[in-house]
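Enquirer: Please arrange chain X on chain S, whose structure you already have, making use of the hints.
2 protein chains.
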Amino acid sequence: MLSFDVTKSTEEDGNMKFNAKTSLGAGSGRDEGTRSKPRSSRPTMAMVAERVGVSTQTVSFALSSPGRLSPATLRKVLKAVDELGYRPNQAARSLRSRSPQALGFRLYPADRDVGGVMASYLYELSAAARKAGYGVFSYAAETYEEETQIVEETFRRNTVDCFVITCPSSDDLPLPLFLLERQIPFVVFGRPWGLPMSDCWWVDVDGAAGLEQAVNHLVELGHRRIAYLGWEKSAGLAEDRESGWQRAMGSHGLPTRGMIVRGPDDVETGRRAAGELLDRQTPPTGIICPSDTMAIGAMRACRERGLEPGRDVGITGYDDSLGARVVTPGLTSIAQPLETAAKHTVRLLLDLLNNPDSKPEQVLLRPSLVVRESTVPR
Amino acid sequence: MLSFDVTKSTEEDGNMKFNAKTSLGAGSGRDEGTRSKPRSSRPTMAMVAERVGVSTQTVSFALSSPGRLSPATLRKVLKAVDELGYRPNQAARSLRSRSPQALGFRLYPADRDVGGVMASYLYELSAAARKAGYGVFSYAAETYEEETQIVEETFRRNTVDCFVITCPSSDDLPLPLFLLERQIPFVVFGRPWGLPMSDCWWVDVDGAAGLEQAVNHLVELGHRRIAYLGWEKSAGLAEDRESGWQRAMGSHGLPTRGMIVRGPDDVETGRRAAGELLDRQTPPTGIICPSDTMAIGAMRACRERGLEPGRDVGITGYDDSLGARVVTPGLTSIAQPLETAAKHTVRLLLDLLNNPDSKPEQVLLRPSLVVRESTVPR
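Protein chains in written order, with full-length UniProt numbering: chain S, 1 to 378; chain X, 1 to 378.
The set of hints was computed from the structure by calculation and includes no laboratory data. Treat the hints with caution; some may be incorrect.
No distinction is drawn between identical chains; accordingly, a pair holds when it is met within one copy or between any pair of copies.
[As the list claims (entries may be wrong)] Listed below are the simulated DSBU-like cross-link pairs for lysine-lysine, each with C-alpha atoms no more than 30 Å apart in a straight line:
no. : residue 1 : residue 2
1   : Lys-343   : Lys-359
2   : Lys-76    : Lys-131
3   : Lys-79    : Lys-131
4   : Lys-359   : Lys-131
Computed from a prediction, not measured in an experiment: that's the story for all the values here.
This is chain S alone, in the form it adopts within the complex:
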């Protein structure tokens, strides 16, 4: 595990805010307050001019009033701009085009946003961005290659000034690494699992704390055998959520050994995994899940065995999705403070854009438990 020092402070809303004090740990030889790549690596207008053999004025014209150049010269300059990855600076840009500034955000297909969390977050992000004079450029991408192509293209062309990305597991690391390498500003919604946490700007909701709340709630209701339906290991989100259950169980002195079944995040997995637990000689009386989807599967497994969720088995989900509200009985779930998260994201983006050399800031928000009929006193 990477170690990092943070100062914790309690915000007005009772949430923890982390301010990174160091990054990459001692001995990295980095000056505080500078980016990991020297500024000079960034291509300049002079470098473009030199490559083409024209004046910087010509390069400037190519980008601001291309009609003044011959098509041949224009083509040559734009080719060099692309090849070198040159990008006009912010100040010149906003004067030139007077475009509202924009942040980029990737869209996901419905089956990757089952609880509708990303759609709700996007709405809140757009509302918060609007108040800061920013628009949201949203894009669909099927592959990592397509995503990086869109990111590079829209950033280079000043369509987008910065990005909000998600990075749920270490499999998703290539994107933040790509952005860091190219010095493209971004804030992570979630945490950059697998990177030094204090190296990035991020806003996350403390999933582990949410799972702890769920366990504490079941313990208060009289449960002692509380199982966990986990996601497969991912070096990230999956481990974080599971750790909340582990920690809370430990703090109550309750056993966790043999109380976990893991699988992909879908209703069928929830149903099968819960079935496996319920068919044991000493089945659990409570089942904690990292998603509403798995919890809804667990409710089905109960019903198939003549057990009533709530009365016979306490079940909790995560995300407080539509699903949690419409199933019968209603599903107790963990709600993420998406509006607050979006506001912090925009605040961090503005800080980052205004002071690109400042130390990255991190915000960790506390989710809340929404109690419904799937958990009742024993």
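Expert: Showing chain X alone in chain S's frame:
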């Protein structure tokens, strides 16, 4: 009702495509192939120059390389540009900024997109737009005033070239009227209820046909008393969906009198309205709903009376949402072909942008019935 003539043709996918032949009906005195506002009403660069008392070259500089002007002159020109509503033309623009072109799309909060249809459509729209070289600028707006301000601002500043809007009822008419008046290109996803249908470019899914399929399905399963839980009258979508149930019931010679209860689109309304129907002396055996939300409420009403949805009462929803998939029993629902709708939307937008004077085109797609356990043979 407004009357309009359309030629219908069957597309390769079996869907109907309407090509408007006339708009606003005979006697409107309009030349075919021209927009309702004369072109000359659009402000020109010369008009801006005249107002400020500068040359058109100065106006051009203000928009393309403002650094060349004194701040005072720049301010005066930009003020006149805003006041007159002047907008540089497309060709000059794409040369100047080399920005990817973009379409604008409004985001809705989660409680206005319960089935997640708009979120899924946005994903498909972004994917289709991307293939055409277009990005999607998505925005949240709380009021009509805020929306028109964003629309005007982003269009004037060339951030967005065109919009995709929705217009579910005649209450939503101000927006398309605003866009038509300002000659801002747009395609409606849905139909512009309350406007002459052939006056706008739109892509819709035939909700009435979907409801007909649901009725036919229940009739095939042996149902005869089939009630409808409707939305309150809205001069638009609500009437359209209801008409599908009406039409199908009529075609089977089944009674509709007293078989409708209407209310707002939520679970509680579905529960109460279905309860009212089920408590009658001769209750319906089938209940058709215009949304999954209301259908889920109807399922609850059944359970509360010891009736099992599917076995005792056949129930259908609309949107094939997550809710339909996770409730027990699974809810039979109507699925919209969102990917196809998004592709047509982008195709129409390109046609409209390339040939702004051509006759508006309309596409009406057929939804499909997804059968689950809430409807079984009697």
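Enquirer: Look at each hint and say if it fits the structure.
Expert: A quick look at each hint next to the structure:
1. In the homo-oligomer, the alpha carbons of Lys-343 and Lys-359 lie at most 30 Å apart inside one protomer (19 Å), although the nearest pairing across protomers, at 44 Å, exceeds that limit.
2. When the C-alpha separation of Lys-76 and Lys-131 is checked against a cutoff of 30 Å, the pair qualifies only between copies, where the shortest distance is 26 Å, while the shortest distance within a copy is 40 Å.
3. Proximity of Lys-79 and Lys-131 under a CA criterion of 30 Å is satisfied inter-copy only: 22 Å between copies versus 37 Å inside one chain copy.
4. In this assembly of identical chains, the alpha carbons of Lys-359 and Lys-131 lie at most 30 Å apart only when taken from the same copy (24 Å versus 38 Å across copies).
Going down the numbered hints, you'll see the structure goes against none, and every one checks out.
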